[in-house]
Amino acid sequence: MVTRSDLPLRVINSTPEAILKAKKRARRSFRQIRTENVFKRTLSIMGLVIIILVLGILLTLVVQSLPSIKALGLKYLWSKVWDPVQDIYGAWPFLLGTLLSSFLALIISIPFSIAVAIFLGEYHPKGWLPNFLKNTVELIAAVPSVIYGFWGLAVLVPIVRSFESSIGVEPVGVGIFSSSLILAVMIIPYAASLGRSMIHLVPSHLKEAAYGLGATRWEVIRSVVLPYTKSGLFAGILLSLGRALGETMAVTMVIGNTSLIPKSIFAPGNTMASVIANEFTEADKPVYLSALIELGLVLFLVTVVINLIGKKIIDRFTNE
Amino acid sequence: MQPSHVKYRLGKSYGFQILTYILAFACVVPLIAILFFIIKAGVTKINWHFLVNIPKPVGETGGGIANALVGSILIILVASVIAIPIGIMAGVYLSENRKSRLAYWCRLSTDILQGVPSIVIGIVAYFWLVKPFGKFSALSGSAALAIMMLPIVIRSTEETLKLLPDSLKEAALALGMPFHRVIFKVIIPVGVSGILSGVMLSIARITGETAPLLFTAFGNPYLSTKLTQPMQSLPLLIFNYATSPYNEWHDLAWGASLILLVWVLFLNIFTKIVTRKWKVQL
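Chains as they are written, first to last, in the numbering used here: chain A, 430 to 749; chain B, -18 to 263.
There may be inaccurate statements among the hints.
Stated by the list, open to error - As a list, the in silico DSS-like pairs of lysine-lysine whose alpha-carbon atoms are at most 25 angstroms apart: (1) A:563 to B:253; (2) B:116 to A:714; (3) B:143 to A:469; (4) A:740 to B:143; (5) B:-7 to A:741; (6) A:469 to B:207; (7) B:258 to A:499; (8) B:258 to A:555.
It should be emphasised that the hints constitute simulated quantities derived from the structure, not laboratory data.
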């Protein structure tokens, strides 16, 4: 930091006008340096603001969920009954609903996203058709989730309903299965685009060596490309999972919203995010509201951990 | 003549290639299906009347979504005014200070912020800006959306500025330019395409966000331009009307969905074209 006394006041000749001029110049450059310092400090403050924002989010969630943590304790997370009317709170139905729908969505979406990654990364990196595929897959991530939900409600739910009656389960239509299907579509782009860039990073001499040994295309992919990129693909899948866990609107619209423990993957249920969306404005008792916020806190912590692990893996992979 | 096991291996290879093609292009189907269905259901609902009127009560046909359009535009404008300056400045900070400890934590926070579920942002905005004032307001919705915009703007600014050659900055500094003028007159103008594309993507993202608005802007059946009052927005209207049992309201929601979808896809495609074009020129 520069202060006024540090500034050299260079007086070349000592006529009064010259001294005045030199003083003026010194003052101007002092002013510039001060603006510069103020500007640099503003930039750092903006950086600090982001950190404070995240800490503030965490702190708010923790403070607001304290009443429920005190009243219900840790067993809240695996108590099986949720009945706010009688002051019974158990988060297990929502935890189970979240895990079921997210992992089912992940299982459905993995073959598709890996296929897109292999197609764009290995078979056809250039050309108009791969370009079209790449842009379309990226646009899947751009469609607002409320539109997925509405479309799911109007188009997908009837299809699922007739599918359910054809395999002999209770034809509700809405439920965990429907929301998993919607989620699966929504999370394809995350794993696909990351996987594509990871497959691009595979050194060509490895692949050429395998071809030179007489491997077929599939054998190169299976024994060179996929093993080389497996941590990157895993990171992509983790990021997809993070998205699926936190997704609210589309799931809320098609999952059926009951607080009972889902008996099968076709049963209606609720996820952590959807129960918050549904009941937050209706929660009239402090413990009720606080129990919902505790769900938000769990959701926040889980997605933070998943995202940070994913980012760590990507960083390590791209630095190697 | 190939021996049979070679034929088998080649056949397997082709088999997997075809399977990959089929699975990869199956991903296009849902998007096409959604586009097709929304256009088919929505295009007949949209006319001038639909754009300038507010929704009619249940049972009456007609009505429009003017309140949601105005609300969405206002909420997004305010969110952008909050988020863009902070985001760009934080991005500049990160690209200028790559090694400092504050920058490390700031980068980490940005990563965390990017992954936070939108509903959690809604809860937090509720406790910061709704509960202390005792009422839902458009302003609190804007703040929630601004938090969602920040990481995208920061990231795109940082990534763009990182790619600029250091010689640009050094040349300007060597000419005696003060640091802030170097940033505003040299660095940001050169990186404007990347920053702008990040801003547009973040606007596209928050236009469709519903969850943070549920407990903040809350929705409003009437036309309102007061930022301190509850306000309707397009995604909120779609959510409320799509889950209602009335056909007239479903019609409104289809029209609104089409407008929202076209706007979001337009922003995304436009950004893609612009960045590709400018990257070539760089």
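Hint check results:
no.: 1; hint: A:563 to B:253; verdict: holds, 12 angstroms
no.: 2; hint: B:116 to A:714; verdict: holds, 18 angstroms
no.: 3; hint: B:143 to A:469; verdict: holds, 18 angstroms
no.: 4; hint: A:740 to B:143; verdict: holds, 19 angstroms
no.: 5; hint: B:-7 to A:741; verdict: violated, 36 angstroms
no.: 6; hint: A:469 to B:207; verdict: violated, 36 angstroms
no.: 7; hint: B:258 to A:499; verdict: violated, 57 angstroms
no.: 8; hint: B:258 to A:555; verdict: holds, 18 angstroms
Hints 5, 6, 7, counting from the list given before, are not met by this structure.
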